[in-house]
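Residues per chain, in single letters:
There are 2 protein chains.
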Amino acid sequence: MKIYTGCIPCFARQAVEAAEMSTDDPALRQTIIRKALHSMAELPYDRTPPHAGMIIHRIVKNLLGDIDPYRDLKYTYNLKALNLYPEMKDIIARSRNRLETAVRLAIAGNNIDFGVRMGCDHVDLHGVIEEALQKPLVIDHTERFAESLEQNQNILYVADNAGEVVFDRVLVEEIPDFEERVVFVVKGEPVLNDATMQDAEEAGLTGIVRVIDNGSDAPGTIIETCSESFVRELNRADLIISKGQGNYETLSEEPRNVFFLLKAKCPVIARDLGVQVGDLVLESLALKQESL
Amino acid sequence: MKIYTGCIPCFARQAVEAAEMSTDDPALRQTIIRKALHSMAELPYDRTPPHAGMIIHRIVKNLLGDIDPYRDLKYTYNLKALNLYPEMKDIIARSRNRLETAVRLAIAGNNIDFGVRMGCDHVDLHGVIEEALQKPLVIDHTERFAESLEQNQNILYVADNAGEVVFDRVLVEEIPDFEERVVFVVKGEPVLNDATMQDAEEAGLTGIVRVIDNGSDAPGTIIETCSESFVRELNRADLIISKGQGNYETLSEEPRNVFFLLKAKCPVIARDLGVQVGDLVLESLALKQESL
Numbered sequence: 001m002k003i004y005t006g007c008i009p010c011f012a013r014q015a016v017e018a019a020e021m022s023t024d025d026p027a028l029r030q031t032i033i034r035k036a037l038h039s040m041a042e043l044p045y046d047r048t049p050p051h052a053g054m055i056i057h058r059i060v061k062n063l064l065g066d067i068d069p070y071r072d073l074k075y076t077y078n079l080k081a082l083n084l085y086p087e088m089k090d091i092i093a094r095s096r097n098r099l100e101t102a103v104r105l106a107i108a109g110n111n112i113d114f115g116v117r118m119g120c121d122h123v124d125l126h127g128v129i130e131e132a133l134q135k136p137l138v139i140d141h142t143e144r145f146a147e148s149l150e151q152n153q154n155i156l157y158v159a160d161n162a163g164e165v166v167f168d169r170v171l172v173e174e175i176p177d178f179e180e181r182v183v184f185v186v187k188g189e190p191v192l193n194d195a196t197m198q199d200a201e202e203a204g205l206t207g208i209v210r211v212i213d214n215g216s217d218a219p220g221t222i223i224e225t226c227s228e229s230f231v232r233e234l235n236r237a238d239l240i241i242s243k244g245q246g247n248y249e250t251l252s253e254e255p256r257n258v259f260f261l262l263k264a265k266c267p268v269i270a271r272d273l274g275v276q277v278g279d280l281v282l283e284s285l286a287l288k289q290e291s292l
Numbered sequence: 001m002k003i004y005t006g007c008i009p010c011f012a013r014q015a016v017e018a019a020e021m022s023t024d025d026p027a028l029r030q031t032i033i034r035k036a037l038h039s040m041a042e043l044p045y046d047r048t049p050p051h052a053g054m055i056i057h058r059i060v061k062n063l064l065g066d067i068d069p070y071r072d073l074k075y076t077y078n079l080k081a082l083n084l085y086p087e088m089k090d091i092i093a094r095s096r097n098r099l100e101t102a103v104r105l106a107i108a109g110n111n112i113d114f115g116v117r118m119g120c121d122h123v124d125l126h127g128v129i130e131e132a133l134q135k136p137l138v139i140d141h142t143e144r145f146a147e148s149l150e151q152n153q154n155i156l157y158v159a160d161n162a163g164e165v166v167f168d169r170v171l172v173e174e175i176p177d178f179e180e181r182v183v184f185v186v187k188g189e190p191v192l193n194d195a196t197m198q199d200a201e202e203a204g205l206t207g208i209v210r211v212i213d214n215g216s217d218a219p220g221t222i223i224e225t226c227s228e229s230f231v232r233e234l235n236r237a238d239l240i241i242s243k244g245q246g247n248y249e250t251l252s253e254e255p256r257n258v259f260f261l262l263k264a265k266c267p268v269i270a271r272d273l274g275v276q277v278g279d280l281v282l283e284s285l286a287l288k289q290e291s292l
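Residue numbers (our numbering), protein chains in the order written: chain A, 1 to 292; chain B, 1 to 292.
Hint data in this document are derived by calculation from the structure and do not stem from the laboratory. Treat the hints loosely; a few may be bogus.
[What the hints assert, rightly or not] If you only want the chain A side, here are some residues facing chain B, beta carbon under 7 Å, derived:
1. 16
2. 37
3. 134
4. 136
Heads up, the beta-carbon is just placed ideally off N, CA and C, and yes, glycines get one too.
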């Protein structure tokens with residue numbers, strides 16, 4: 001998905017939030033914001049939106065060194081989600097369709113996204129679980145997803161955010177032989193509240209599946225910024241589970257067997273998907289392309 | 001009120017909306033947005049927020065010539081508000097406190113503001129009248145306002161938006177001897193949906209009071225951009241009625257007898273006023289300064 005003009009105010013907000021998260025020094029904050037605005041003015045509009053997030057966080061890194069301003073917030077949400085892990089396992093145990101319930105929980109976890117919401121640093125995790133269990137999936141390719149899990153062997157699970165990865169773990173654990181079949185992918189470097197290897201460890205994923213990082217510092221999967229080893233894994237996979245908006249924005253035109261699990265949180269993505277803001281989605285890219 | 005970092009995403013949104021309102025040509029839109037972002041990056045942060053709006057609309061003007069992209073929308077809201085004028089006069093006739101009711105109606109009109117709301121081009125005028133008649137004024141200096149109207153002779157009514165000026169007319173007409181005492185001020189050039197002389201004419205104000213323009217193209221009252229003749233009127237006035245956020249942002253540190261009538265529509269201004277977003281305000285600057 002290419003950048004829409006409607007994305008620009010959101011980039012400006014991300015720059016302001018990154019500046020405010022990264023330093024208390026008003027002069028440095030101004031420098032970050034000014035540099036980011038100049039970069040946004042020069043942005044090639046044929047790129048995807050995560051390109052902008054990547055540039056903003058590179059500006060922060062260049063000015064402040066290797067810092068991870070979202071570290072505390074990520075740790076907090078990993079812990080919060082881990083506290084709910086037993087409850088989620090229980091919900092699945094009591095459910096009629098374990099896979100569908102696990103899909104819904106994984107989508108619920110996609111609410112933990114500090115790249116999207118203006119000024120929002122609190123997510124009511126009980127509330128979002130409740131919502132995801134009750135609301136319809138407005139695009140619902142669960143059946144195709146279940147078939148694809150049966151038919152394919154090598155599954156790449158492309159994660160999105162910290163905290164959310166605990167919800168992802170619940171879904172991973174519902175995939176038969178997940179220990180052998182699933183490779184779980186996190187970001188190569190910190191950007192926004194996207195999950196890195198540390199988050200995968202904190203969420204207990206490294207103990208159950210092979211976790212790799214994609215070598216990139218983009219809040220999405222911009223393939224040309226990823227490591228060769230990640231690209232090999234991507235090419236080897238015959239089923240890709242893609243979590244969240246950033247991965248949708250960067251993988252939605254890839255000719256691969258991708259399933260997008262996300263909550264549409266901004267009007268631009270909602271329009272691109274043909275849904276409303278707030279809608280829950282499990283979309284098979286293959287099925288979508290077949291129907292075009 | 002100086003620019004806060006929280007204003008930056010709103011400036012970016014204004015740039016995008018100005019580009020989309022002004023031209024259908026994608027290349028021109030991009031040029032407007034890119035130039036605006038560069039300008040926002042260079043913005044002196046010791047200015048007030050309307051400075052940014054002024055710069056954005058000057059970029060549009062430089063690229064596209066003297067156009068007024070909001071003209072149709074302004075005309076539509078002048079007409080819509082005029083349709084409600086008899087009803088508003090009736091509400092006042094039936095009210096226990098005519099001045100207070102007229103103040104509330106003038107504040108209701110401040111909802112017609114296309115500089116503030118993301119993607120909003122529809123305002124339910126009946127709804128906002130209802131709201132303004134029922135909700136408390138969270139800052140309520142109506143008593144001081146009534147006293148000040150009795151004690152002072154020369155009243156400058158600094159208007160905000162098209163459509164809203166019909167609501168202003170209702171308040172103006174409740175001021176004793178308004179024909180002699182009130183000078184009504186509109187913008188010197190089109191910017192956003194701010195009222196110009198044409199709107200004052202369409203709203204019927206030019207027939208009842210002296211209307212002047214401030215000579216400026218800023219969406220507020222940046223005094224150094226105003227004409228000498230406006231500044232003379234400002235200095236002659238002993239009571240200033242200031243409508244809306246843009247005028248608050250630019251007049252809130254002036255050592256003058258100003259009354260601000262507005263609805264707080266953004267978190268930055270709400271914080272500056274010490275109220276919540278959505279709150280209705282009639283604030284006497286003098287009374288505020290006395291209490292500090």
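The hints, checked one at a time:
no. : hint : in the structure
1   : 16   : 5 Å, holds
2   : 37   : 4 Å, holds
3   : 134  : 28 Å, violated
4   : 136  : 26 Å, violated
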